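Enquirer: Generate coordinates for the entire structure from the input sequences, incorporating the hints supplied.
Listed in order, the protein sequences are those of chains A and B.
Under our numbering, read the first sequence as residues 12 to 458, first letter to last.
Under our numbering, read the second sequence as residues 207 to 287, first letter to last.
It should be emphasised that the hints constitute simulated quantities derived from the structure, not laboratory data.
Note that the structure is a prediction, hence the values are computed from the model and not measured.
Check before you lean on any hint, since a few could be wrong.
Here are a few chain A residues that face chain B, going by a calculated C-beta distance under 7 Å [unchecked claim]:
no. : residue
1   : Lys13
2   : Arg18
3   : Ile21
4   : Arg70
5   : Arg334
6   : Gly338
7   : Tyr370
Note that beta-carbon positions come from the ideal geometry of N, C-alpha and C, so glycine has one too.
Residue strings, one per chain:
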Amino acid sequence: MKIKYERPVIKKMNAGIMDKFGMPSQYDPVKEIDGVEVKQLIHQYGSPLFVLSEKQIRRNYQSAVRSFSTRYPKVQFAWSYKTNYINAVCKIFHQEGSWAEVVSGFEYLKALNNGVPGHQIIFNGPDKKAEDLRLAITNQSLIHIDHFNELDLIIVICEELNQKAKIAIRVNMDTGIYPIWDRFGFNYENGQAWTAINKVVKASNLELIGLHCHIGTFMLSCSAYEIATQKLCKLAMRCKTELQNTIHYLDLGGGFPSKNNLKGALTGTDSIPTIEEFAETITSTLLSFGFDTNEMPLLILESGRALIDDAGYLIGSVIANKRLSDGRRATIVDFGINLLFTSNWYDHQISAAQEYSQYTEETVLFGPLCMNIDVVRYSINLPLLETGDQLVVHKVGAYNMTQWMQFINMRPAVVLIDTKSSPHLIRKPETLDYLELMEELPTYLNT
Amino acid sequence: MIKLKNNIATSENGFIFNPSTGDSFTSNPIAAEIISHLKSGISTTEIKTILLKKYDVEVKQLERDWEDYMLQLKEANLLTF
Chain A
12 MKIKYERPVI KKMNAGIMDK FGMPSQYDPV KEIDGVEVKQ LIHQYGSPLF
62 VLSEKQIRRN YQSAVRSFST RYPKVQFAWS YKTNYINAVC KIFHQEGSWA
112 EVVSGFEYLK ALNNGVPGHQ IIFNGPDKKA EDLRLAITNQ SLIHIDHFNE
162 LDLIIVICEE LNQKAKIAIR VNMDTGIYPI WDRFGFNYEN GQAWTAINKV
212 VKASNLELIG LHCHIGTFML SCSAYEIATQ KLCKLAMRCK TELQNTIHYL
262 DLGGGFPSKN NLKGALTGTD SIPTIEEFAE TITSTLLSFG FDTNEMPLLI
312 LESGRALIDD AGYLIGSVIA NKRLSDGRRA TIVDFGINLL FTSNWYDHQI
362 SAAQEYSQYT EETVLFGPLC MNIDVVRYSI NLPLLETGDQ LVVHKVGAYN
412 MTQWMQFINM RPAVVLIDTK SSPHLIRKPE TLDYLELMEE LPTYLNT
Chain B
207 MIKLKNNIAT SENGFIFNPS TGDSFTSNPI AAEIISHLKS GISTTEIKTI
257 LLKKYDVEVK QLERDWEDYM LQLKEANLLT F
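Expert: The structure is reproduced here in C-alpha cells:
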C-alpha cells in the first residue's frame, strides 16, 4: 500500500514580533454547504458555480427585521434589487414581507413580475426614463426624486396622465463620512433639499409622503446614521410645521456592511458594527426626536449587502499550479474577476473543499482570464492544492450575481439550496446560443 | 547534478537551516525526505524511483512537482551548482 502523496514544499520562517492581531486561524476545509456536498454540486451543475443558501437569507432577513421592529413600532424593509435580482432570491425576500427597491426600468418590471404591488415598489436612481415614470405613477409606486430635471418631468407626466404621484425626495448630507455622497439627490446643508421639498409640495399633482437618504456603502460607523436620522427628522418636522405637509415615512436607505474583509483593513471583521448596533442608533434617534405618538413616520430600510452576502458562495476548481519568477506560488482557478467583481475591494475568505495536511503555501490566486488584471487574491495561505481540487469562496451573495461579466468565459449556473437541503437550479449556465441571441449578422457578411 | 549546499543543517522533522544566510525553513515530510536523499548524495533519478515506489503518485505529477521543488530550493538559496 503506497503512502498518500503531497507535493514537496518548504516555507521560510519569518522571525519577528507577532502583531497584536495574532496568527491566522485554522484552515478547515468546507466540504458541504447547507448539507449538500461541494463535490456533488460541481458534479451536477458544473464548475464554477454560485450557490445560495435560502436558510441563511431568511435567517439574515428575520434577524434584521427583529433588530429594528423590537425597537421601533413601524418598520419596513425593501429588497435592494441591484444587490441580487435573480427572481428566486427576490421572491424569498418578498415572501418574508419585503417590499422592492429598484433603480431602473427593468428592475421595476422585474418587481412587478415578482408580484410586488405597485405601491410597495420604491423607485430610486438618477436614470428613470419617461416610460418608467409613467408606469410608476400609474401604479402609485413611491418615486424618490434624484434631481430637478426628474422633478419637472414627473410634473409634466402627471399632467398628461391626470394623476397624482407619490413622491419622496432623496437627500444627501454631511454625516461625517468623507467623501460625502453628494451625487445623488438634493443637498441638505446648502438648502437644495428644502427648495426641492417646497417645489414638490407646491405642485398640485405631487404628494410628498417621504424623505430618503442613502449615505454610503459598507458603512463602518453608526454615528453617521445618527446624524442622517437627525437631519431627515428635522426636515420632516419642518415640512409639518412650515408647509403643513406630513411626512409618512423616512427611508434611511442601506449601506450596512457585511462580514467581509475590506482590502487594507487591519482588524478584519471584528470592527464591523452589527445590524443591532445600527438599529439601536437609528431607532433611538427617531424615538427621541419628538414626533407625536400617532404621527411616528414609518422607517424604511433598503439593506442589500448585509442581508445576502454571507448566504452566497462561489465554488470552483483548480486549473493549474505554477511558480512565478520571484519564487511565489501561483494557482490558476476557473473563477476570476469576471465572476467576483467584489474581489476588487474584498480579500475574500477562500476555503479548500477537501482535507489536506497542515502544510500551506502563500499563493497568488489567478482567475482563468487571459488578462493580467485577473487576480482573485494577491496573497493567500492555501493548502497544497492540485489540479481538479475544489475551492469555496465565502460571502459573495451581494453584487456578484448582478455585476458579473460575460467576458472570455460565460457566466455559470446559480443554485439555491432550500431550507430542507435540496439544491435547485435558479439560473442556467450561459451558452453560445444565449450569447449570440441578440446579435444580427448583416446579409452581406453572411456568405 | 543537483546538489544541496554543504553546510545546510536539516532535522528529521523537516526543519532546515542555512547558516550562511541565517534563513530557516519548515518543510512537509516528502520535502524533508528529498533533502535527506540529496544530502546523502543519491542521484536525482534514484530519488525519483524511491518516491514513485513509496508514494501514490503518477510519474508526470512527480516530474512537475520535482521541477517546482527545485525552483523552491533554488529560490531559498539552498542549492549549489
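Enquirer: Would you mind marking each hint as holding or not holding in the structure?
Expert: To see whether the hints hold, each was checked on the structure:
1. With its C-beta approaching chain B no nearer than about 4 Å, Lys13 (chain A) sits inside the 7 Å limit, and its interface hint holds.
2. Annotation: Arg18 (chain A) was flagged as interfacial toward chain B, and the flag holds, the nearest CB pair being 4 Å apart, inside 7 Å.
3. The interface hint given for Ile21 (chain A) holds, since its Cβ lies 4 Å from the closest Cβ of chain B, which is under the 7 Å cut-off.
4. Using the Cβ-Cβ criterion of 7 Å, the hint placing Arg70 (chain A) at the interface with chain B is not satisfied: the shortest such distance is roughly 39 Å.
5. For Arg334 (chain A), the suggested interface contact is upheld, since its CB lies about 5 Å from the closest CB of chain B, less than 7 Å.
6. The interface hint given for Gly338 (chain A) is met, as the beta carbon of that residue sits about 3 Å from the closest beta carbon of chain B, less than 7 Å.
7. For Tyr370 (chain A), the shortest C-beta to C-beta distance to chain B is roughly 4 Å, which falls under 7 Å, so the interface hint holds.
Taken one by one, the earlier hints fail for this structure only at number 4.
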